[in-house]
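Trainee: Using this note's numbering, read the sequence shown as starting at 301 and increasing by one per residue.
There could be a bad hint or two in this list.
[Stated by the list, open to error] Calculated pairs, DSBU-like style, for lysine-lysine (alpha carbon to alpha carbon, straight line, at most 35 Å):
no.	residue 1	residue 2
1	K615	K330
2	K346	K509
3	K602	K326
4	K509	K670
5	K586	K509
6	K456	K355
7	K480	K615
8	K666	K586
Because the hints were derived from the structure by calculation, they are not lab data.
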Amino acid sequence: MTGQDKYSGYGFEDFLQDDFFVASIKKPTKESIAFWRGFLEYYPDKAAEYQTAVKFIDDVAYSQISDEEVIELWAKIQSLSKSAQRFTAQRFTRGRKIAWSAAAVAASIAILLMARVFFLNYDNSASGNDIMAFVETHEDTFNNSGEIQLQLSAQKTVILHGDESDIVYDSAGIQAGVQKISRNDIAAFNQLIVPHGKSSALTLHDGTKIWVNAGTILVYPAEFEKSKREIYVNGEIFLDVAHDANRPFIVRTDEIQIQVMGTRFNVQAYAADGLSRIALESGLVKITSGAAANDVLLNPNKMYEQDKNGNTSVKDADIQKYTSWIHGLYAYESEQLDVIIKRLERFYGKEIVVGTSVSQLRCSGKLDLKDNIEDVLAIISRTAPVVYVEDDGKYVVSYKP
């Protein structure tokens with residue numbers, strides 16, 4: 301009896317309760333794909349139940365059913381007799397209702413919980429080796445020429461002039477501003493380098509949209525693999541991740557890893573700052589860091605923060621405060637003046653010196669980043685006891701006399 305013969309008598313419920321089957325669907329390998337392809341060739345009569353079980357796992361893994369609903373369903377299952385009683389359960393991702401036996405629903409609950417466990421415990425450490433190895437071996441190419449650079453390969457770098465750029469990947473190639481780039485010129489990993497005073501918007505091949513702030517380096521594959529989507533960032537980005545049930549989206553920085561399925565969130569992780577912030581607008585993300593004993597699940601309107609000493613925290617956050625920069629605004633509340641000034645330095649590409657005596661002042665307000673730097677500093681000087689002067693092309697901020 302071969303391993304495939306074992307499944308010849310399996311039905312929908314049996315597949316759902318089989319560990320190897322579930323693992324094969326949730327984390328397929330070349331071997332498991334070949335195994336199930338061979339199984340379906342030998343047992344084509346099992347294709348319908350096999351495909352139904354596959355689709356159910358995909359559906360239920362990304363449903364929005366709450367813990368309370370899981371508990372309620374489980375209580376209903378337990379209240380049923382062991383006879384042939386049946387009850388109608390709302391299918392998690394469809395408006396229509398279907399009837400399942402108590403055993404089937406029990407298996408469904410088990411799979412739902414298993415899918416959650418998979419999401420919480422999925423180990424991406426090995427899968428990140430390629431992109432992180434690329435980053436480590438190409439850091440010397442991350443130069444700041446003063447213009448936005450799209451490095452497609454060792455032989456080809458596209459310079460994008462102007463303060464903003466819009467880059468779109470599609471099946472034909474890349475549209476970078478007014479330039480059309482053929483797929484033949486694109487290497488496995490691409491690098492987008494946005495210097496101080498610039499910003500960019502990037503649409504990846506899967507439809508994910510990324511807003512890239514000033515002073516940021518972004519590394520990503522031209523096309524994602526079948527089992528994962530990974531990018532690296534040193535700087536600040538806002539992401540609107542396209543949902544893909546089969547490929548989690550992973551954002552890596554020098555210190556942390558963020559895993560999502562489809563969501564909107566902001567990542568602020570400038571290596572020079574020694575401070576990382578992840579602010580979640582919608583969806584759910586899992587944050588892995590060597591500084592934290594356990595992974596952190598972040599819910600909407602929450603912010604994860606990690607400082608250079610490895611101290612971490614999660615707190616309520618006004619998400620608009622952390623995402624307003626993509627609309628040309630900078631909102632801040634009780635923020636230290638030196639932090640505000642550093643962000644303005646990056647955005648405007650100007651050197652701004654803050655005296656140590658005023659660097660710890662805390663300020664609140666909102667700045668229109670479409671204004672020039674002098675107007676912005678003038679607004680700050682009206683809301684805080686400081687003044688600024690221009691000195692040989694740089695700005696100096698100090699206490700108001």
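Trainee: Each hint needs a verdict: does it hold in this structure or not?
Mentor: Against the structure, the hints:
1. K615 <-> K330: Distance of about 42 Å is beyond 35 Å: violated.
2. K346 <-> K509: Outside the cut-off at roughly 40 Å; violated.
3. K602 <-> K326: holds, 28 Å
4. K509 <-> K670: Given pair K509, K670 holds - Cα atoms ~22 Å apart, limit 35 Å.
5. K586 <-> K509: holds, 20 Å
6. K456 <-> K355: violated, 42 Å
7. K480 <-> K615: violated, 44 Å
8. K666 <-> K586: Judged against 35 Å, a Cα distance of about 30 Å means the pair holds.
When held up to the earlier numbered hints, the structure conflicts with 1, 2, 6 and 7 and fits the remainder.
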